[in-house]
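Novice: For this one, chain A is given, so just place chain B on it according to the hints.
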Amino acid sequence: MMEDNILIEQYLKGTLTDAQKTAFLKRLESNAVFKAQVQLEEQMLAALGETYWSFANNTSHARVEAYKQLLESEETQLVKSTIANAHKAYKISQENKSKATNPIFKLRIVASIAAIFMILISIFWFFSTDTNTIDYKAIATKAWKKDVGLDFTVRNGTVDSTKVNLAKALQLYKNKEYSQAIASLQKYSNTSSHYKDILVVRALSYHKLQKTSVALQTLDSLSAYTPRISQWYKGLIYLEKNKLEKAALFIHIPTKENQEIKLK
Amino acid sequence: MTSTQNDFLSTLSKGKEEDILVFYQKVFPKVSRFIVSNNGRVSDAEDIFQKALLQVIVRYRKEPFAIKTSFENYFFTVCRNLWRRELNSSKLKTHHLDTLENISDVEDSAFAIVEQERYELFSEKLALLSENCGNLLSLFFKRTPYVTIMQKMGYNSENVVRQRIFKCKKRLIELIKKDHRYDDLKDI
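Protein sequence lines, in the order shown, are assigned to chains A and B.
For the first sequence, position 48 (counting from the first letter as 1) is numbered 48 according to our numbering, and the numbering increases by one without interruption.
Position in the second sequence counted from 1, then plus 1000, gives you our numbering.
One chain only, chain A, in its complex shape (with noise of 0.2 Å):
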């Protein structure tokens, strides 16, 4: 009789007889041992070669499940648009860099220079006056109550569940119920209508939990559908930080009591 290990390597190999296979699939099937023993040698000769991969297939496995409830949650959905937003910023970058080649583009970039160094002599002047008498804080939460983006009108008998849900939320994030909100739209990914929407009422949920990151990343997600929304609020929370470097990059931060704060 075929030693085991020797059985085994022939039938990863496929050089049994028609017979010895029979016989060992049948064996397979009786014996958990032997069974157990042939699948980790399958699986070290799949893994540890080059060529092939060993692949899982169990899908009621506890620690698959673990992975794909993790893969869902909203979390990893964000890391998800973050890193498609940093893979569209690399792809850029790089046609920034083959552009640097072409002789026009570096004229182009000494005019770039030389308006950025005005720009800085403006942000220069602008931080250097005496900003102190400013009540920021006033002139923000007027800025809030704007509620741009927050307009979800819900028309009597629209059948439109995603619309209905969204009204809802927004009225629990006017409540104050922040993590109501949230949860309430778990369920919705990048496929849904109205996402925009929903990823408006995310990251503000998020900024009012204090999930200052969080909500930062929601709106670099949004800003691949609405930049100007995107921009709006994240200059608002960075003014809310007192970020004014920040807050100005995205904001017209008034230098005078009365004026109003403006998207740039």
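None of these hints come from the bench; they were simulated from the model.
For each residue, glycine too, the CB sits at the ideal point set by N, CA and C.
Fair warning: there could be bad hints in the mix.
Said to hold, decoys possible - According to the in silico footprint, chain A covers these stretches of chain B (three or more CB under 8 Å from chain A):
#1 1056-1063
#2 1111-1123
#3 1145-1153
#4 1162-1174
Specialist: Frame of chain A; chain B shown alone:
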């Protein structure tokens, strides 16, 4: 794992666009070159790179794990394995289209993560064997014929090679089974 690699992995796992962009600029060209020179296109490389990033971040967020090489090398291995998986799954699809169509993207990503974990367990244990055993098994797993192994490694007969491989494989299996991760990964 060195603290620098640890810090880097931990920073990346926070999922900030700026950090991911810096990593893209540093590592993507190498991954792209590898995939393009192994029957792929740049668009395949982009897809694999994004899948690998998501995989590493999700894994680290679930259970922070240790890597024993530089993070760049580790990440390259993840990409290489995902590409190997992709090439083999195309082969599988031609034969088992019905069953594979039922697997969702999320399920497939979850499978890819546990398969990588299993690969890491196996390769870590392979690295613990003696140099001779490691070399022999590497050739064996690449399905090198015994006669070629005999000539390369200077053995007297194919039978000696077979016996030596059997002993080394037995040792490798012992090491794998002793590791607590094995119970969690064996039936996947």
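Novice: When I compare C-beta atoms, does the stretch 1056-1063 of chain B have three or more residues closer than 8 Å to chain A?
Specialist: As far as the stretch 1056-1063 of chain B goes, the hint holds, because 4 residues have Cβ atoms under 8 Å from chain A.
Novice: Taking a Cβ-to-Cβ distance below 8 Å as contact, does the stretch 1162-1174 of chain B have at least three residues touching chain A?
Specialist: holds (count 5)
Novice: Report holds or violated for chain A covering the stretch 1145-1153 of chain B, Cβ cut-off 8 Å, minimum 3 residues.
Specialist: Coverage by chain A is violated here, the residue count being 0 at a Cβ distance below 8 Å.
Novice: Just to make sure I understand the rule, a stretch counts as covered if three or more of its residues have a C-beta closer than 8 Å to a C-beta of the chain. Does the stretch 1111-1123 of chain B meet that for chain A?
Specialist: As far as the stretch 1111-1123 of chain B goes, the hint holds, because 8 residues have Cβ atoms under 8 Å from chain A.
Hint 3 alone, counting from the list given before, is not met by this structure.
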